[in-house]
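Dock the two chains into a complex; use the hints.
Residue numbers (numbering that gives the first Met the number 0), protein chains in the order written: chain B, 0 to 207; chain D, 0 to 470.
Treat the hints as calculated values from the structure; they're not laboratory data.
Keep in mind that a hint or two might mislead.
[Stated by the list, open to error] Quick list of the computed label-pair ranges, beta carbon to beta carbon:
1. R454/D - E78/B: 47 to 57 Å
2. S159/D - T31/B: 45 to 55 Å
3. L188/B - D410/D: 48 to 58 Å
[To be verified] A short list of chain D residues far from chain B (calculated; beta carbon distances all over 10 Å):
4. A185
5. P191
6. G192
7. I193
8. L286
9. P403
10. Q415
11. K427
Virtual Cβ for every residue (Gly too), placed ideally from N, Cα, C.
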Amino acid sequence: MRITAEAKSATRLRILQAATSLFVSDGWQNTTTRGIAVAAGIATGTLFNYFPTKEAIAAALVAEAMERAGEEFRAGRREEVSLEADLFSLIWSGLRHLREFRKFLAPASDTIFSPLARQSPDSPGDAIRVDHLELVEAIVTSHGFSAPRPAVTVQLYWTLYLGVFAYWAADDSPGQEDTLALLDQSLKLFVASLGIDQGRGTYGRQSQ
Amino acid sequence: MDVNLSELMAALPDDDLSSTANAAWAQEQLREILADLAQRPAPAGSLHRLWTLSELSAQIALAYLALWIRRWFSDAEASKRRLMETNLRVALKTFHRLGYLRGAMTKLGQAAGNLPGILPGQVADTLDRLHFEAPPMHYALIREVVRNEFGKESEELFLSFEKEAFAAASVGQVHRARLKSGERVAVKIQYPGIARTIDADFRNLSALVLPLRLGKDWESVKAQFEEVRRMLNQEVDYLQEAESQRLARELFRPEDGIVVPRAYPEYSGKRVLTTDYVQGLHLQDYLATNPTQASRNAFGTKIYISWMRMYYAFMPYVDPHPGNYLFLSDGSLGLIDFGCVQHYGPEERELVRMADKMAYEDPSIIPEVVQRACGVSANDPELEGYVRMMEESLDWMMEPVRQPGAFDFGDEAHFQRGVDWFSRVVRKRHLRAHPMYVYWNRSVFGFKALLYRLRAQVDVHAVVRQERPGW
Numbered sequence: 000m001r002i003t004a005e006a007k008s009a010t011r012l013r014i015l016q017a018a019t020s021l022f023v024s025d026g027w028q029n030t031t032t033r034g035i036a037v038a039a040g041i042a043t044g045t046l047f048n049y050f051p052t053k054e055a056i057a058a059a060l061v062a063e064a065m066e067r068a069g070e071e072f073r074a075g076r077r078e079e080v081s082l083e084a085d086l087f088s089l090i091w092s093g094l095r096h097l098r099e100f101r102k103f104l105a106p107a108s109d110t111i112f113s114p115l116a117r118q119s120p121d122s123p124g125d126a127i128r129v130d131h132l133e134l135v136e137a138i139v140t141s142h143g144f145s146a147p148r149p150a151v152t153v154q155l156y157w158t159l160y161l162g163v164f165a166y167w168a169a170d171d172s173p174g175q176e177d178t179l180a181l182l183d184q185s186l187k188l189f190v191a192s193l194g195i196d197q198g199r200g201t202y203g204r205q206s207q
Numbered sequence: 000m001d002v003n004l005s006e007l008m009a010a011l012p013d014d015d016l017s018s019t020a021n022a023a024w025a026q027e028q029l030r031e032i033l034a035d036l037a038q039r040p041a042p043a044g045s046l047h048r049l050w051t052l053s054e055l056s057a058q059i060a061l062a063y064l065a066l067w068i069r070r071w072f073s074d075a076e077a078s079k080r081r082l083m084e085t086n087l088r089v090a091l092k093t094f095h096r097l098g099y100l101r102g103a104m105t106k107l108g109q110a111a112g113n114l115p116g117i118l119p120g121q122v123a124d125t126l127d128r129l130h131f132e133a134p135p136m137h138y139a140l141i142r143e144v145v146r147n148e149f150g151k152e153s154e155e156l157f158l159s160f161e162k163e164a165f166a167a168a169s170v171g172q173v174h175r176a177r178l179k180s181g182e183r184v185a186v187k188i189q190y191p192g193i194a195r196t197i198d199a200d201f202r203n204l205s206a207l208v209l210p211l212r213l214g215k216d217w218e219s220v221k222a223q224f225e226e227v228r229r230m231l232n233q234e235v236d237y238l239q240e241a242e243s244q245r246l247a248r249e250l251f252r253p254e255d256g257i258v259v260p261r262a263y264p265e266y267s268g269k270r271v272l273t274t275d276y277v278q279g280l281h282l283q284d285y286l287a288t289n290p291t292q293a294s295r296n297a298f299g300t301k302i303y304i305s306w307m308r309m310y311y312a313f314m315p316y317v318d319p320h321p322g323n324y325l326f327l328s329d330g331s332l333g334l335i336d337f338g339c340v341q342h343y344g345p346e347e348r349e350l351v352r353m354a355d356k357m358a359y360e361d362p363s364i365i366p367e368v369v370q371r372a373c374g375v376s377a378n379d380p381e382l383e384g385y386v387r388m389m390e391e392s393l394d395w396m397m398e399p400v401r402q403p404g405a406f407d408f409g410d411e412a413h414f415q416r417g418v419d420w421f422s423r424v425v426r427k428r429h430l431r432a433h434p435m436y437v438y439w440n441r442s443v444f445g446f447k448a449l450l451y452r453l454r455a456q457v458d459v460h461a462v463v464r465q466e467r468p469g470w
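Next comes chain D alone, as it looks inside the complex (with noise of 0.2 Å):
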């Protein structure tokens, strides 16, 4: 077995499970998988898709899957085994085959067993790498894509449409257009039936694995299991897209030096998004350019300025890839992709208040903020533990803000710790957590890794002092 994966299976809590055969059986069955996932590299290219959840969101994913397994064996009673055997056999072979988790999968094969000892680095590098690479359309699919969402050809609805791509998209690709009113575009188009692809595997994953109800996490893993499948159906419809799009553009004004681009809804549609084409680098080539560190410190404000609008509009940005921020040669720094993007409604709202509240000006009330944020009661005897967690998570997030002046998050000791810090959440099992969470770990981690890469320094204080709304 791969040396990476058995150090995962000594890093996954431990139970007493090896007095039951059952029990070996599921570990074998996992260690199976994932030995399997770990060699089989990511069929790039193929019609495998790769998912869009981070590693460190799969991370969750796999902690709750060993949990899944190793609480139905302590907790199910023996006449419901049989059944429940049956089911957890075939939710794993599904989860097997999912062409699209494969790529995540694997890398969380790969990368996982280097909890804890996990290196900034190789955090930042994996996020980066598991985004999309979505594999080609060849125009004449292109043309019946765009057909069947406008009932007309690409030719007559565009002035112009360039036949090959420019960049790949989730779930898709990306062309240059001019529309006949004469701008520039980008249309991103969608591969056939992969949505309604990933919805149904995720209806029949949780058709098999929830009516299980494994341990006292259980409505609250179930939950994070729902959100991540709505977040995912919402990433691949790009009408709702072009909406988050439309309302994160109004958030801001010239003078920030943020450009979202406009989305065309008259040229969008589920499966087709049309948006202003924005021209300006990558983060790769934008690092290959050496730019100065004052232009780094620059961009770097942005994407935190940026990041905490949205935060504080209700509206989180997460899933802030290198792939989605474009570096402007005027210095601009340029959104890209709205698929990923949270809305919270009351209950999140009044959450978002109560942390932030507890972060800036009360930290007495971590445990009232523990109660809500993560389902614990007042006299659960793990509730200790939980307010524990929280004031580690804090003590890293207001690290930056703390500091006068700028804040290097070239720090690889900053970053080292809140990877130990979700290290220890998963291995203590500090899963409970209002759905909402599950998204907002991956987007802290994802732009913290985003700065790192690039070595910008941060005036926190200040961001924070600009952008912290006067409630």
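Next comes chain B alone, as it looks inside the complex (with noise of 0.2 Å):
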């Protein structure tokens, strides 16, 4: 029997949808991929054709909440902002987007995220952060900064942006106020990073 793409596209948001629900209420660790079959209504087995791991499953939820998170950014962004604010917007409308799953993200993003990994293609955080970066690059670019990027650059921000993200992931202050005054401050650090490269000579803002 054929599968529709329509069915295939519901089943994934089903398992999406009860993945998200025991995450949030049994715990990152507690949950089993067995459970969230049988909370979405199907086999097991049907559900490693979809997931191979309740991280990938995770990163999915990630990846499409920064999905949505980027086209927002891109039809509220202005002209006359700096670099610094466009970061900014993009970044915190991300983690605003994932704020209801923030519970199990702290945990979830030691294996989603870890910096210590290797990047490969196959790791469920890769494509994440592929496509993060992408979009970082377009700003950095359309803000005058010439690419290509020294790749140490490109890691600088990484790093922060992980440090931001499992900050905010157990940050407790009200409305994540901490991680906001600790965004800002990064951005500030990524972006004297990008005029020390001006200073250098080597990777600097194009003449206007």
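Structural data, given as structure tokens:
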């Protein structure tokens, strides 16, 4: 029997919804792929046709939220803002879309985004990383900082981003105001690092 | 070492500490910290915040710091020294680390060395420059702070909202906006998380320093330290500020020519404060217009009246910083920042009444006032010294009142006498006082510095006659 794309998409959505609800209610550690399959009303084997691991499910949730955030960012983007403000809007919009997953993202991000894990195309977080960095690259370039960027600059950005992400996931301050401050300060650091490039004359700001 | 710092160290109270290695260590630590702070410019425009305490309050803080170090070595039992040494070392390092203290501490390192030869101009200038140079927040961040506070975008909440700030404020910045009902307003936004940072840092500092229990003045010093912490917390709570502003606004009538903008509690929260927008010049811009002496005098009189009225309403305006006053084109004076207003309870009110009686009716009660205000008992050998200190303070405070007609606050000699008095207090270590006086001192020096810069002549006698309540 052939399964239509529509049915596939519906099943995928059911899995994501069931997983979200279990991750939130039972916690990341206590949720299994078997439990998710039961909650989604499918066989465990069927679930594996869609996602090989629960990390992949969480990564899909994150990727979709970040995609929505990216669309929101593009729609609301204003010409006159600074690079710092632009990146701030993008990242905070992403975190806002991820807010409902915050409870389980702290433990999940350990495996999805671990900077210690070797980046490989198979790792669940890698696609998110690549997509996000592409968007960031486009934003930075649109502010007059010429590409290509040194690998170390990109790594600095990603390290700061992961730091902010991990902090946010466990931030108990009202409205996650501490993360707001951390993000602001992290972006100041990152933008300053672009300025350092400029000072060295290697990857400077394009002449106006 | 910076020459000012060596003078500072020399100006601080002497104890025979040089005999112990620990004392040498502590002094060296203090020297290093001060030298480092003095050489490092306050990083305006970065993330570091300037502390809100004035130079003079900071001098008290430094004197305490020195006292802590010295008293510790003279009083502590040997068995406790190791633990205390660790605490002290960490406390000093903590003190050093606090970014928003750095502005005040840097100025302190530069100016305190000039004690007691400090010039009125330097004091006035320092009080002025010590105020905030808040680092900018871009609009993307502003929007999130507003959303955190109200659950709405600034565009939804206000009819219009200017994305660029027009002024710096206490740990934040101010934007012009318009309410949907049409009023032009000023919206003060606080940098996220800074309030909790200040509180946490002060708690950590307290936890390190308070158990040391140094010296006989310790209880009084501790209470003053707590008052500073309490006031800093109040200053970053914009809801409290809105309430202080509401109360202050009720004190003034249109004929006073003193404008307190209305606060809008429904558009305010702990980190956002919305008030009417008042257009006027700050002191420096006002002075640049070469105002007439009559205009300076009129504004000076309004400054004096506003200060006295709030004091007698038991809610003194303890941050009379030039940035908090606006000189309006119609001759009115605008008061625009109420974060630093004390609210006196029954105990403080009783002290105000006693001090008032002492100043205007019965100087013979000075010893009684000293005992109450400074917590010095009748048989304390230091009572006499404290009484003399109070007499000198009273003499300086009442100088403008005693003079018939207008008093010239531009008179350097008057200001200098106040600074000299304060220097003597610090040097003689007459530091015991009710906690309310930490800010009262700041208030008096701040508003006299303001009148000094304004070169205002004020008929204080007439102001007192008008403002003093008939208790």
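For each hint, the structure was consulted:
Look at R454/D against E78/B: about 48 Å separates their beta carbons, and that is inside 47 to 57 Å. Taken as a hint, the range 45 to 55 Å holds for the pair S159/D and T31/B, whose Cβ atoms sit roughly 53 Å apart. At about 50 Å, the beta-carbon gap between L188/B and D410/D stays in the expected band of 48 to 58 Å. In this structure A185/D is separated from chain B by more than 10 Å, as the shortest Cβ-Cβ distance comes to about 22 Å.
At roughly 4 Å from the closest C-beta of chain B, the C-beta of P191/D falls inside 10 Å, breaking its exclusion from the interface. Once the 10 Å rule is applied to beta carbons, G192/D is inconsistent with being away from chain B; the minimum gap is 4 Å. A beta-carbon of chain B comes within 10 Å of the beta-carbon of I193/D; the shortest separation is about 7 Å. The claim that L286/D lies off the interface holds: its Cβ sits roughly 34 Å from the closest Cβ of chain B, which is beyond the 10 Å cut-off.
Annotated as non-interface, P403/D keeps its C-beta farther than 10 Å from every C-beta of chain B; the closest such distance is 56 Å. No Cβ of chain B approaches the Cβ of Q415/D within 10 Å, the least distance being about 43 Å, so the stated non-interface status holds. Remark: the non-interface label on K427/D is consistent with the geometry, its nearest Cβ contact in chain B lying 43 Å away (cut-off 10 Å).
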